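In case you want the letters, here they are:
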Amino acid sequence: MSSDTETDARPTPEKIDRVVIRFAGDSGDGMQLAGTQFTASSAMFGNDLATLPNFPSEIRAPAGTIAGVSSFQVHIADWDILTPGDHPDCLIAMNPAALKANLHDLKPGALIIVNVDAFNERNLAKAGYESNPLEDDSLRAYHVLTAPMEELTKKALVGTGVKGRAVLRSKNFFALGLMSWMYSRPLKPVEQWITKKFGEDNPVAAANLAALHAGYNYGITAEGFHHTFEVEPAALPKGEYTNISGNIATAWGLIAGARAANLPLFLGSYPITPATSILEELAKQKHFGVKTFQAEDEIAGVGSAVGAAFAGNLAATTTSGPGLALKSETISLAFTLELPLIVIDVQRAGPSTGMPTKVEQSDLLFAMYGRHGEAPLPVVSIASPADAFSATMEAVRIATKYMTPVILLSDGYIANSSEPWKLPDVADLPTFPVTFTTEPNHGDEFLPYTRDPETLARPWAIPGTPGLEHRVGGLEKHDGTGNVAYEPDNHQLMTELRAAKIDAIRKDIPPIKVHGDADSKILVLGWGSTFSAIRAGVLNARRNGRSVAHAQIRHLNPLPPDLGDVLEGREVILIPELNNGQFARMIRAEYLIAPRSFAKIQGEPFKADEIEEQLNEICREINS
Amino acid sequence: MSSDTETDARPTPEKIDRVVIRFAGDSGDGMQLAGTQFTASSAMFGNDLATLPNFPSEIRAPAGTIAGVSSFQVHIADWDILTPGDHPDCLIAMNPAALKANLHDLKPGALIIVNVDAFNERNLAKAGYESNPLEDDSLRAYHVLTAPMEELTKKALVGTGVKGRAVLRSKNFFALGLMSWMYSRPLKPVEQWITKKFGEDNPVAAANLAALHAGYNYGITAEGFHHTFEVEPAALPKGEYTNISGNIATAWGLIAGARAANLPLFLGSYPITPATSILEELAKQKHFGVKTFQAEDEIAGVGSAVGAAFAGNLAATTTSGPGLALKSETISLAFTLELPLIVIDVQRAGPSTGMPTKVEQSDLLFAMYGRHGEAPLPVVSIASPADAFSATMEAVRIATKYMTPVILLSDGYIANSSEPWKLPDVADLPTFPVTFTTEPNHGDEFLPYTRDPETLARPWAIPGTPGLEHRVGGLEKHDGTGNVAYEPDNHQLMTELRAAKIDAIRKDIPPIKVHGDADSKILVLGWGSTFSAIRAGVLNARRNGRSVAHAQIRHLNPLPPDLGDVLEGREVILIPELNNGQFARMIRAEYLIAPRSFAKIQGEPFKADEIEEQLNEICREINS
Amino acid sequence: MNIDVKQYTRADFQSNQEVRWCPGCGDYTILASVQTFLAELGIDREKHVFISGIGCSSRFPYYMNTYGMHSIHGRAPAIASGVAAANPDLTVWVITGDGDALSIGGNHLIHALRRNINLKILLFNNQIYGLTKGQYSPTSEQGKRTKTSPMGSIDYPFNPVSLALGAEATFVARTLDMDRKHTAEILAAAAEHRGTAFIEFYQNCNVFNDKAFIELTSRETRDDNRVYLDHGKPILFGPDNEFGIRIGPTGAEIVEVSKVGIDSIQVHNAKDPEPGVAFALSRLSRGPHGPTPLGIFRDVERPVYEDLLVGQIEEAQAQKGTGDLADLLRSTGTWTTN
Amino acid sequence: MNIDVKQYTRADFQSNQEVRWCPGCGDYTILASVQTFLAELGIDREKHVFISGIGCSSRFPYYMNTYGMHSIHGRAPAIASGVAAANPDLTVWVITGDGDALSIGGNHLIHALRRNINLKILLFNNQIYGLTKGQYSPTSEQGKRTKTSPMGSIDYPFNPVSLALGAEATFVARTLDMDRKHTAEILAAAAEHRGTAFIEFYQNCNVFNDKAFIELTSRETRDDNRVYLDHGKPILFGPDNEFGIRIGPTGAEIVEVSKVGIDSIQVHNAKDPEPGVAFALSRLSRGPHGPTPLGIFRDVERPVYEDLLVGQIEEAQAQKGTGDLADLLRSTGTWTTN
Ligand SMILES: Cc1ncc(C[n+]2csc(CCOP(=O)(O)OP(=O)(O)O)c2C)c(N)n1
Ligand SMILES: Cc1ncc(C[n+]2csc(CCOP(=O)(O)OP(=O)(O)O)c2C)c(N)n1
Ligand code: SF4
Ligand code: SF4
Ligand SMILES: [Mg+2]
Ligand SMILES: [Mg+2]
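Protein chains in written order, with our numbering: chain A, 1 to 624; chain B, 625 to 1248; chain C, 1249 to 1586; chain D, 1587 to 1924.
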């Protein structure tokens, strides 16, 4: 059975410009996979898109409970969208818990497709339903379609060789097939993926293909599913696109950064949610000469990276908040050694273990001040999955040019969500090749702590270079020679030089781009992953007649030289952050102005609506 | 030979009201000991005093070199002094390097007493002298007296049983004896100390006593030493005094705090300069029931303390910057567990290993923001050695009342220097006994995360209490029950509650005392160990007719509720800090005002003169 | 442990939290074994404290109706040391995984062992990082393909029993998640032991490392591979006890009993004051492949940290009296002004 | 190590920094031994990298005219692992103390050993924290009175050799600071060994723990107590080699040669693939008291971490070609709009 034949049977789908679909089920139901594959075929189809996976927690909750629900939301459109959508138009609920957990987010009148086989008494009870919502009329505000997904999957799998409890594992492909029917997605990309993933001859491949087609066919034959939809390819700027998630883009950004710096790449890391997949991705790219070192802990992760940097590699370490805490002492060492090092913090909800799978931006001040002694570091942030590639390259550029560790702030939302990324032409990527020092720099001596007059960077001479043998260390060192030094004036001088070097990076930061109504008296100032929600919220507000400007700051330390000018003269500066107002506090200290902090600490990204609402309120206040 | 008989032979000493004496020699020369003993006898004599030890670095430099010089400065006076003095009136130099390293600090016309035996060619060369300063007239601006200390010590020790190279180890007692003669100090306290320390029958005791008396007698007999001085007992407020160093006072403050809270004291710690002596002091106080756990590292130090807190002890951990960095992750856990914990950071010069024996205040922002996630903590600072006792008790009070870790900031200057401390009446010390929860607090259930409506503190129910079995952890927890919770609104609520609890401590902070000219348009705002230099500098400036106010802030987070009022309307707010302006940055962010930062990062405390000079400059600017 | 028998049932040790491991996970069985054992042991429920780190296994304390702390990754032995030192009357359990105990927490583990603090450390070794969804751990075999080792792990694994013995452990044992009877015996001996007791559980992670212990668990192979160590008994194994262990000048070796005679077979002595033979026994297997010793490798007495700690306090108090604050403040000398 | 002999003298390995240990410190002797040895070894000076942590001993790199890093407390093995992995052509030395390596740095040490990274780890064991002026360390004997243990330490010490063997070390040796000849032999064997080489130096701290090793160093007792392990030779000691070591069913024991006969004496086999006997030998002494084995306990081959790491890269490149960035960006599928 080939998918192409079926498409003939399609009724003409309704053209829509956008749709937000959420796949929801038990953690064991494979909803992340169904969602990802739906996204992939939409991407291939040419839609613009944005995704939002949502895991229950790190560990499986009992099957069938609310705590065990996992979901994957995708927003596809025929135009340049920004967020995964605030409220789904369509929910696939694989069991009662999935329905209950997600219902309140739906648009009024949304389409709900349920796996009716799972709506038995036991599951209803586990989800905390007293009566069956499919029967008690409580869903009358929605458009509900049901499918006996388990039964049909079982039937479809007869003869595939897959038997027993394993059969039901394919039901996510049934759901995917059905959704592909409903939203006119091609099956081919999914079919190819299945064959590649499981191997042609694997019964699991046959089973998943059978379930996929069964779902699709159910759409053709079953009553109620005949009203189908189609979202046309988006009019994205001309080019070649891939659908990219943030952690993959970060990993690739490291590879590209190392290439631009002309250095081998070394990653010393210890697994931690939600950063682990950067390590996992780089472990796959050994043919790029990438060395990944899965260390015994975070301290050894960053320690090995410091060693690799000393030896002349582009060294990086990836982690999340608890790991950043453990790395603090070693980062302070790297700071005073003045070696390049990329420290990537994929932030998650804290404090302590917090909510590891949930997003937060609450490590900002920790990144700024999280080291003992005077140890300022450049801090760069990532605004979106696709932005991760160039932001990571920028971090590498700063680290190698200024011989300094750089903290790169990502977060759990960027890490796991995805969006289309227009591939750069590799030939056009920036390059900033490093030149190691190979000759004495002071008569016939080598002084490791002399400085480039412009960047204040010290020379990088690596072990193996004859004649430049030298020692570095964590004790205060003499200006120039780097020998241990306790003189009061030298310490003052060195402290000031180190700070001046970091501060000098300011000159090297491109001008801020102000979007929207550049001169508006209202400015929304954001950083990091709030980008898409702010941009969309501002767009909507402007569509509704509000005048608003938006600037998203990539360089958090030093701040861009023109930020003062951008802030100047605004009546209201709104700073939405997924923390208790940390960037707002930095802006207060730096510019002695009082921005309006909009803090959300719920483990979830902002919704565009929330931003728009804030703007509406501000406008009301200003005008009243 | 008894010391009392000698005193009869004394010429009448010149009465002086104060003197600053610096003992300087090679690290191996025992200058810290000589200085400490000189201080102790001055204390017994009733002088006011302040001391400043200065070690070269953690490890011995080659004998005789500048890098190996160790010194101990003491300021004694017949009135209430504050600092160890900016410029010595008298220098004891045990070798050429000691002379060279310290000369530039002396008052013009100062008295220099040298161990002439050490001024041989080898030592002169090691110190970098081209000719002998005792002979080349280069010291003509000073009053130089010489004594052949080594030769005389050797002679004095004949018959004590101490022989060979060990003999010269007593030469510091020779110097001490001579200084005791010069400054009319009683020998008895030193004699008693020697006998107690080494044991009556130990030949070393006999040797040191012999050297001490030989030095004293040299004063009597030698030419040039007949002009002696006497500083009369200070008119300190009536009371009983002891001479206390900061780390000892901190250790005692922990014992007193535990007593006030009615809890056993547990210290989990790993040695690190300059914090180690708190651990060492508490290890001696086992009869107070104090448990000290020398952990394998700082993480285990704070980890064991968290365990002890869970089990119902008053738990503390002591460290310095690098150790605070390592503890960060665990402190974040303690924060979310909402357990009391005293984290003492005896700051030293950073970044990284920095200058371990030198003072700095550069961990302030790290203490404020040095944790991942939203994890605000109370921060309390110590202003002087004697202040350490009550500041530590205050930290314990806050920790136990609000069920929270508290960061107590001390530093290397406070740690090692000493001053007279008027002993409190133990009966008058504050008490704040802890009551553990022993009964269910919600029907017949125990909910570990209910809160006291006033303090927002949660109940403390300890293992071993029947019926209150419960689990705590680092994951986000449900308001009330403490069960693991991932709900968005709950996380927002809990984050806000935790922040509100810390913020509520503000109400519990006593009013700021403004010293000097309370309404002056110039306010000097300090925190921590800058206290004495600021107070003295302000005093001097005011004596010279300037109008200046001074406030020293103990509670750094939350800041005192009346700080805004105190800052209000000043023309200049000067913030002297031993860092790059960290407190100034906090004040900027909090009050949106621009204080004038006076940053010193030299591993040394401020001098009173430096403060006064700043004030003079400010006055000139304001008036011009 | 002071055994003061109460009437408990397993349910008394079950908390009201739903157990959230994957269906089929070996952790369930160990949880059941521990709860059942504690009910039998009969120590007051409120005296038990379970401290864990982070990992699937480390959720364990949430499911125990005792005092508990789900702490941070790798630090449970340090935190538990503080609990035990602060209150030696408590019975302190550490629950940890192969990543938690041996990767990030290796240092705290070896130091707890050498100090001989009264902790019962249960290491759930599934040879994988479960919670973070399948990366190799310090006990994963070389060559193992995981998400972070797509071409096979290049790390040589620890043998947890050897490591513990090298770290001066006084009680070291190994058992299997699904062997509830054996688990119960080992738990009983650990509870009996004063000092640090270290138990390695082979625990199946059916999601990320299924069948890692199949050679020890499948009906076909288990009799060939389970080598039970019973104190005072010759070490024999095989379906008909036809194999045995002999200690010779090159360490421990497997021999056929019929060839060497029963007298050459090592009689297991867990109480041997020296750990040399226990160590040699630990080297018989590299991970759970082929004949693998299970049981108590070592169980010896050595002064317990808390006893020494409390002993010094008592001695100091006997010498100096219980501390008086006013005296302390005067202890370095005072002077009086008027 | 690739030995490509150059003409060096000790002075070539002396940096221009003044050596700043206390007069009489054992560190001086080890420094001299190492400098002399490197001059003889003849590997290009610029290929040597010395990484240390913090402690008196950790100042060592400053005195070596090679590449070096005086890093932070306990982390040298981790940092050195990064150096070695990044550039396997270098010869990487770790200099560490008993506090640095075994207290705060214990975890990195045991993991470096199991990975068998090509590091030469020299542990200067003076059984005290020297730099912080005299607190007990994880190798201090129980009962030791120090500033933090005024009533005697209650911690049971590690035996560094046992710990290393328990952590799967491939090369483990022990020597004495002042025995320069023996030191030179051990250094030569360590340099020869590919993989992690671990050498424990008994190092006298004459300021805070003087004479800790006096039983091994004083003229009167040293012959009674130094038990040299020489590969292939029977293990004999005593002024007239009258004692020997026998391995039996309870481990290693000291015997009188005249009583048991020379044939019962263990012939030392450092190349034994199993570490059981080496471990038993390590248990002969608890710290440097009484007969104490010195020499190479174990010296076996096992694949080296860097080789495996580079091997996988080469294999991947053979399979997929050296990575092409443009291909990578397209590797998950693309679509084109116009
Ligand atoms: C400081 C820190 N680093 C990393 C993590 C991520 N992490 C959580 S559990 C874990 C490993 C779990 O493996 P294991 O200890 O074997 O337990 P299992 O899940 O297999 O039972 C890791 C790496 C974390 N939570 N904290
Ligand atoms: C993170 C950190 N913790 C503690 C210290 C303090 N410290 C420096 S060296 C040392 C121990 C030194 O002992 P050892 O490693 O045996 O070296 P030795 O001085 O005896 O050669 C300690 C505790 C530090 N520098 N950094
Ligand atoms: S991932 Fe593995 S160890 Fe974790 S709960 Fe699931 S089966 Fe158990
Ligand atoms: S303190 Fe001890 S180890 Fe350190 S330099 Fe002095 S003698 Fe050597
Ligand atoms: Mg595991
Ligand atoms: Mg040492």
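Rather than coming from a laboratory, the hints here were simulated on the basis of the structure.
The structure displayed is predicted, hence computed values, not measured ones.
Do not rely on the hints blindly, as some may be mistaken.
DEER-style ranges, computed between Cβ atoms [what the hints assert, rightly or not]: (1) A:N544 <-> B:N1240: 40 to 50 angstroms; (2) C:Q1567 <-> B:N886: 19 to 29 angstroms; (3) C:G1272 <-> A:A222: 50 to 60 angstroms; (4) B:P1112 <-> C:D1472: 25 to 35 angstroms; (5) C:I1462 <-> D:G1876: 41 to 51 angstroms; (6) C:A1259 <-> B:P1112: 50 to 60 angstroms; (7) A:E445 <-> D:G1876: 50 to 60 angstroms.
Here are a few chain C residues that sit away from chain B, every Cβ distance over 12 angstroms (derived from the structure) [what the hints assert, rightly or not]: (8) P1309; (9) Y1404; (10) E1433; (11) E1468; (12) V1503; (13) R1534; (14) G1538; (15) V1558; (16) D1575.
Only part of the chain B face toward chain D is listed, based on derived beta-carbon distances under 10 angstroms [unchecked claim]: (17) A691; (18) K787; (19) D921; (20) L950; (21) P1090; (22) G1091.
Glycine included, each C-beta is placed from N, C-alpha and C at the ideal position.
Hint check:
1. A:N544 <-> B:N1240: 40 to 50 angstroms: Violated, at about 60 angstroms.
2. C:Q1567 <-> B:N886: 19 to 29 angstroms: holds, 24 angstroms
3. C:G1272 <-> A:A222: 50 to 60 angstroms: violated, 34 angstroms
4. B:P1112 <-> C:D1472: 25 to 35 angstroms: violated, 54 angstroms
5. C:I1462 <-> D:G1876: 41 to 51 angstroms: About 47 angstroms separates the Cβ atoms of I1462 of chain C and G1876 of chain D, which means 41 to 51 angstroms holds.
6. C:A1259 <-> B:P1112: 50 to 60 angstroms: Between A1259 of chain C and P1112 of chain B, where Cβ atoms are some 34 angstroms apart, the hint is violated.
7. A:E445 <-> D:G1876: 50 to 60 angstroms: 51 angstroms Cβ-Cβ, so the 50 to 60 angstroms window holds.
8. P1309: Its Cβ does come within 12 angstroms of chain B, the nearest being 5 angstroms, so this is violated.
9. Y1404: With a cut-off of 12 angstroms, Y1404 of chain C remains clear of chain B, as the shortest Cβ separation is near 24 angstroms.
10. E1433: holds, 27 angstroms
11. E1468: The claim holds: E1468 of chain C sits with its nearest Cβ about 41 angstroms from chain B, beyond 12 angstroms.
12. V1503: Holds: least Cβ distance 41 angstroms, greater than 12 angstroms.
13. R1534: holds, 28 angstroms
14. G1538: Its Cβ never comes within 12 angstroms of chain B, the nearest being 35 angstroms, so this holds.
15. V1558: Violated, since 8 angstroms does not exceed 12 angstroms.
16. D1575: violated, 9 angstroms
17. A691: holds, 7 angstroms
18. K787: violated, 18 angstroms
19. D921: holds, 4 angstroms
20. L950: holds, 8 angstroms
21. P1090: Cβ of P1090 of chain B sits 31 angstroms from chain D, so the hint is violated.
22. G1091: With Cβ-Cβ at 34 angstroms, over 10 angstroms, it is violated.
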